[in-house]
Amino acid sequence: MSIVPWLLFALTVVLDVFGQTAFKLGLDRIGDDAGGKAFWRAVATSPWVLAGFLGYCVEAVSWMYVLGHAPLSIVGPMAALSYVGAVLTGRLFLGERPRARRWLGAGLVTLGAGLVGASLG
Amino acid sequence: MVEARAIGGSGGRPALAAAIGGWLLFITVETATQVAFKYAGATLDDRSGLGHLVAHALATPVVVLGFALYFCGFLLWLTILKTVDLGRAFPMTAMVYVTTLASAVILFHERLNATRIAGVAVIALGVALLASDTGAAAPAEN
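Taken in order, these protein sequences are the chains called A and B.
For the first sequence, position 33 (counting from the first letter as 1) is numbered 33 according to the numbering used here, and the numbering increases by one without interruption.
So the number in the numbering used here is just where the residue sits in the second sequence, counting from 1, plus 1000.
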């Protein structure tokens, strides 16, 4: 595996975490009161949701390239690194307060992703 | 209050059933998306660049199917995120990695070695820890 698929894999993970965080920021601003059509109208006009959606579009193309150049059993599990990113952005931007257990889980996911990457040999 | 919202409001058991049904549907759609994308990517020439990829993508039915599934997953995910904290909802998608790994072996005949299986097990353990930290998160101060 050359360097380009790995770089695009990193881009895919970063865009995924950005999208998740942007969706949550957008939805938090819509609130629980909006239901039905009002909710979807608010979703469609939310700058955060639209930014996340654009990120998703780029991510989809990047991910397809990665899948075309790497085994699914390598990059599929390694995509769990998005969880680690979501814990970090939840802490940094969403006011979430992860406990020790969640940080430990994030550490294990990182370790496991390293093992899976190393298994390519 | 946060706990009640996490299972989809104050509706009790029907709301929980709807949440689980939505989650199963989400896992199915996400797995199908990965399989469609892998089929699409697997047809590419190894030396093809990003430009070729985009041109190829627009002309291939399985790619269009992949994007359609991707969009369905996106809408499903928005409805889930509407009621569940990101730090909690995201790890619940862990099952996608199990079903995707099974797809890699069954559909694409990829071979697993001991290191890879150990790595996936460690990832799964980490995700289980993440997912079980439900006490979480004081709500944002705003």
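In short, the hints are calculated from the structure, not lab data.
Careful: at least some of the hints might be erroneous.
Stated by the list, open to error - Derived SDA-like pairs: lysine to any residue, alpha-carbon spacing no greater than 20 Å straight-line:
1) B/K1082 <-> B/A1121
2) B/K1082 <-> A/G68
3) B/K1082 <-> A/G117
4) B/K1082 <-> A/P47
5) B/K1082 <-> A/L50
6) A/K37 <-> B/L1065
7) B/K1082 <-> B/W1023
8) B/K1082 <-> A/L94
9) B/K1082 <-> A/D28
10) B/K1082 <-> A/L120
11) B/K1082 <-> A/G35
12) B/K1082 <-> A/M1
message: Tell me if the straight-line CA distance from B/K1082 to B/W1023 falls inside 20 Å.
response: holds, 13 Å
query: Given the hint that B/K1082 pairs with A/D28, does the C-alpha gap stay at or below 20 Å?
result: holds, 8 Å
- prompt: Do the alpha carbons of B/K1082 and B/A1121 lie within 20 Å of each other, as the hint requires?
  reply: Violated: B/K1082 and B/A1121 sit about 30 Å apart, past 20 Å.
- prompt: Given the hinted pair B/K1082 and A/G35, is their alpha-carbon gap at most 20 Å?
  reply: Holds: B/K1082 and A/G35 sit about 11 Å apart, inside 20 Å.
- prompt: Can the restraint linking B/K1082 and A/P47 be considered satisfied, given a maximum Cα separation of 20 Å?
  reply: Holds, because 16 Å separates the two Cα atoms, which is no more than 20 Å.
- prompt: Holds or violated: are the alpha carbons of B/K1082 and A/G117 at most 20 Å from each other?
  reply: It is violated: about 34 Å lies between the C-alpha atoms, which goes past 20 Å.
query: Holds or violated: B/K1082 with A/M1, Cα cutoff 20 Å?
result: violated, 39 Å
task: Would you mind confirming whether the straight-line C-alpha gap from A/K37 to B/L1065 stays at or under 20 Å?
output: violated, 26 Å
message: So if I understand the rule, the pair passes when the alpha-carbon distance is 20 Å or less; does B/K1082 with A/L94 pass?
response: holds, 14 Å
- prompt: When you check the alpha-carbon spacing of B/K1082 and A/L50, does it fall within 20 Å?
  reply: holds, 16 Å
- prompt: When you check the alpha-carbon spacing of B/K1082 and A/G68, does it fall within 20 Å?
  reply: violated, 33 Å
task: Starting from B/K1082, check that the Cα of A/L120 is at most 20 Å away, please.
output: Between B/K1082 and A/L120 the Cα gap is close to 38 Å, so the pair fails against 20 Å, i.e. violated.
Checked against the numbered hints given earlier, the structure breaks hints 1, 2, 3, 6, 10 and 12 and satisfies all the rest.
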